[in-house]
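The primary structure of each chain is shown beneath.
Number of protein chains: 2
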Amino acid sequence: MEDKFARRMSSVHRSFIREILKVTADPSIISFAGGLPNPECFPYEAISEAARRALADKPVNALQYSTTEGDPELRAWIAERYFTRMGLRLEPDDILITTGSQQCVDLVAKVFLDKGDAVVLERPAYLGAIQSFSVFEPTFRTIPLHTDGPDLAALESLLDQGPAKLFYAVPNFQNPSGMSYSLEKRQAVAELCLRRDLLFVEDDPYGELRFKGEHLPSVYTFTKGRSILMGSFSKIATPGFRIGWIVASGGVRDALIRVKQASDLHTPSLTQRIMIELLKHYDMDAHIAMIRERYGKQSRVMVDAIQRHFPEGVTISDPEGGMFLWVTLPEGYSSMKLIDKAVERKVAFVPGKPFYVEEGRGENTLRLNFSNASEEMIEEGVSRLGSALREFLGQ
Amino acid sequence: MEDKFARRMSSVHRSFIREILKVTADPSIISFAGGLPNPECFPYEAISEAARRALADKPVNALQYSTTEGDPELRAWIAERYFTRMGLRLEPDDILITTGSQQCVDLVAKVFLDKGDAVVLERPAYLGAIQSFSVFEPTFRTIPLHTDGPDLAALESLLDQGPAKLFYAVPNFQNPSGMSYSLEKRQAVAELCLRRDLLFVEDDPYGELRFKGEHLPSVYTFTKGRSILMGSFSKIATPGFRIGWIVASGGVRDALIRVKQASDLHTPSLTQRIMIELLKHYDMDAHIAMIRERYGKQSRVMVDAIQRHFPEGVTISDPEGGMFLWVTLPEGYSSMKLIDKAVERKVAFVPGKPFYVEEGRGENTLRLNFSNASEEMIEEGVSRLGSALREFLGQ
Chain A
13 MEDKFARRMS
23 SVHRSFIREI
33 LKVTADPSII
43 SFAGGLPNPE
53 CFPYEAISEA
63 ARRALADKPV
73 NALQYSTTEG
83 DPELRAWIAE
93 RYFTRMGLRL
103 EPDDILITTG
113 SQQCVDLVAK
123 VFLDKGDAVV
133 LERPAYLGAI
143 QSFSVFEPTF
153 RTIPLHTDGP
163 DLAALESLLD
173 QGPAKLFYAV
183 PNFQNPSGMS
193 YSLEKRQAVA
203 ELCLRRDLLF
213 VEDDPYGELR
223 FKGEHLPSVY
233 TFTKGRSILM
243 GSFSKIATPG
253 FRIGWIVASG
263 GVRDALIRVK
273 QASDLHTPSL
283 TQRIMIELLK
293 HYDMDAHIAM
303 IRERYGKQSR
313 VMVDAIQRHF
323 PEGVTISDPE
333 GGMFLWVTLP
343 EGYSSMKLID
353 KAVERKVAFV
363 PGKPFYVEEG
373 RGENTLRLNF
383 SNASEEMIEE
393 GVSRLGSALR
403 EFLGQ
Chain B
13 MEDKFARRMS
23 SVHRSFIREI
33 LKVTADPSII
43 SFAGGLPNPE
53 CFPYEAISEA
63 ARRALADKPV
73 NALQYSTTEG
83 DPELRAWIAE
93 RYFTRMGLRL
103 EPDDILITTG
113 SQQCVDLVAK
123 VFLDKGDAVV
133 LERPAYLGAI
143 QSFSVFEPTF
153 RTIPLHTDGP
163 DLAALESLLD
173 QGPAKLFYAV
183 PNFQNPSGMS
193 YSLEKRQAVA
203 ELCLRRDLLF
213 VEDDPYGELR
223 FKGEHLPSVY
233 TFTKGRSILM
243 GSFSKIATPG
253 FRIGWIVASG
263 GVRDALIRVK
273 QASDLHTPSL
283 TQRIMIELLK
293 HYDMDAHIAM
303 IRERYGKQSR
313 VMVDAIQRHF
323 PEGVTISDPE
333 GGMFLWVTLP
343 EGYSSMKLID
353 KAVERKVAFV
363 PGKPFYVEEG
373 RGENTLRLNF
383 SNASEEMIEE
393 GVSRLGSALR
403 EFLGQ
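Top to bottom, those sequences are chains A and B.
Count along the first sequence from 1, add 12, and you get the number used in this note's numbering.
Count along the second sequence from 1, add 12, and you get the number used in this note's numbering.
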């Protein structure tokens, strides 16, 4: 039956990260390869209690088919939170519930992408988005991501060469690089996208996880609603719910609802009702503050260990939030080769190459995850990686 | 931003059924329009208890990211059930868990359909599948559905005119027509599809809901695994879980996993774990037998009421299972016009027209749902519809 596959299947691959994760199933390996939140931060008892409440008194709305738009109470909570967090005034009807924020990318691609349309990505870019977009056969074009955000001169010049449909970006604590846009870059990218008629698609799964510096408003707040904003409960509650959302209104929202209906009818009513009960009866602010403090501590422990264990010439990012730290080796060294030496020493990471759509880029970069490891594991794992690096660099 | 929509959006519409359901929000209207299972059959207490079990003892696997393939215990249960129900020997690895069986169609379309590929549908066809396929811009070709299954001479002649990629069908108690394939037709359609190299895509959400006649094996059992089979818990447990599955192996399964990963990473771990606890500790056979008996009774009550209340010249199907009954008006009468008269009399149904992809077909047909109404409501609703029909037909 493989002879019947659509042409797109030649560019839709299994995630390289998932292949690495198989290696790290070995419990003797310390893994910084995953992108998982720390399960010690999950509010187990509160979720169990929320499920009890959601399923008490024969609740038809938790078990029957439901609306494609998503539960009104859940949409109201999300809209309200945008106001308290960043002064953004939204109606519950501006929110569309999705099956995780991965589905947001699939829905946006369905609504906007014809085969061959140009999609602008950050360099490096989130691998899950590259995969979702690839199904719709766009051409990818990329612009460098600096420590304060994207290179806008590169974006201007890229648009001068030809039109692009949309610009997909993760302005807060990006996966994989951990980079965040400065306030100035947020305003400037919004201005540029409006002026050049480029649809800005803002993925924000990590926005609440800032442990350093000041919270900054979404780019969406500067585009007067003429962009798309995505969010998720995966990093602030738990990923197992698979609940994300898209902020959109008018004709765009209507189009997203139509393709959502064609994709899975609606996100499970059961998980939505349990989430609502959790949000109503649990102190989410205190919970998120706890996650922030913990990830901040783990990030500092990792940076500190790297400064002691890594050899000269290896540079690292200084994340202000999120779950990732970005490492750059000296030019000419490939992290795809380093990974074998690291696994021999029982430590794993993700090489940077898969986050670049162009061949030959990012060979000397790699991603470290600090959210899902204890401080002791971080110290020991960084020490092992330091030995591997010294051998690899011949120091 | 609407000026940026992909071309496909011109053929992706909101479900007409969802528009009718808005009318029926009026509680004074008796609605046979929906396609909902009866919420009185939901195992509320058992699900509540299953959630308690799934969330006891800090279960990381219910709340963390999980595999795209789906929970191994859930896949094992599904594989085992195919053996006990129809002697089909499957491995857990032949099952891919999806976010409802609606997602199965989306994933199959992603793997197999290039723009312009021909998809063969039954006439009438399931509206949700028409919507999902439409996103991938195929051409639709249809063959008549008789009371014992599809017109295979029409299928042969259609294939003689040009190739088709796949044939999507619902052989058990089809939505909307309620029709089922005879054993002979199942064997014949399998033989034809293998001989003509046409991929058979078998959607089976209602297979367990047979209340009359003998259970028949899936077409899949006659294709030696060279077809695709889809299933769902929506009609045997509850739809709010949004758990369906695809039976596929080898390269096809691998391709489905890749596009599933790009679509929503994985189906919620939380609902999968609750479903497993339900399946382990609840008597599903007794539960399904109860649903079958109830829907069988409701179907008989509806058929009986129709025989007393409907005027001459209106014919109906004789469903052996599922949730729907199909009504045909005399030639030249349009159910799209009847619906207004029916709603005036506080009764609703779905006109047949949206289930036909070709213009001008099915005008004189309509779908009645009998699963989600009490016997009293069925009697009263059919009586109201009978009055509307008599006036409409001038009798």
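Among the clues, some could well be false.
Repeated chains share a single entry, so a pair holds when one copy, or any two copies, can fit it.
Below, in silico cross-link-like pairs of lysine to aspartate or glutamate (EDC-like), each with a Cα-Cα straight-line distance of 16 Å or less [to be verified]:
id: 1; residue 1: K224; residue 2: D330
id: 2; residue 1: K127; residue 2: E149
id: 3; residue 1: K16; residue 2: D266
id: 4; residue 1: K70; residue 2: E57
id: 5; residue 1: K16; residue 2: D126
id: 6; residue 1: K353; residue 2: E403
id: 7; residue 1: K16; residue 2: D209
id: 8; residue 1: K16; residue 2: D129
id: 9; residue 1: K34; residue 2: E81
id: 10; residue 1: K177; residue 2: E14
id: 11; residue 1: K358; residue 2: E391
id: 12; residue 1: K309; residue 2: E332
If you're looking for bench data, these hints aren't it; they were derived computationally from the structure.
Comparing the hints with the structure gives:
In this homomeric assembly, K224 and D330 come within 16 Å of each other (Cα to Cα) only inside a single copy, at 10 Å, whereas the closest approach across copies is 68 Å. Proximity of K127 and E149 under a CA criterion of 16 Å is satisfied in both settings, with 5 Å inside one chain copy and 12 Å between copies. Taking the shortest Cα distances, K16 and D266 sit within 16 Å of each other only across copies (14 Å), while inside one copy they are farther apart (33 Å). For the identical chains of this complex, K70 and E57 are inter-copy neighbours only, at 8 Å across copies versus 22 Å inside a copy, given an alpha-carbon limit of 16 Å.
For the homomeric pair K16 and D126, the shortest alpha-carbon distance between copies (10 Å) is at most 16 Å, but the shortest distance inside one copy (21 Å) is not. For the identical chains of this complex, K353 and E403 are intra-copy neighbours only, at 9 Å inside a copy versus 83 Å across copies, given an alpha-carbon limit of 16 Å. Taking the closest pair of Cα atoms, K16 and D209 come within 16 Å of each other only across two copies (10 Å); inside a single copy the shortest separation is 38 Å, beyond that limit. Only between protomers do K16 and D129 lie at most 16 Å apart by alpha-carbon distance; the minimum there is 10 Å, versus 25 Å within a single protomer.
Taking identical chains as interchangeable, the C-alpha atoms of K34 and E81 lie at most 16 Å apart only when they sit on different chains, with a minimum of 14 Å there against 36 Å within one chain. Proximity of K177 and E14 under a CA criterion of 16 Å is satisfied inter-copy only: 12 Å between copies versus 32 Å inside one chain copy. Proximity of K358 to E391 under the C-alpha cut-off of 16 Å is restricted to the intra-copy arrangement: shortest distance 13 Å within a copy versus 71 Å between copies. Taking CA atoms no more than 16 Å apart as the test, K309 paired with E332 passes inside one copy only; the shortest distance there is 11 Å, against 63 Å between copies.
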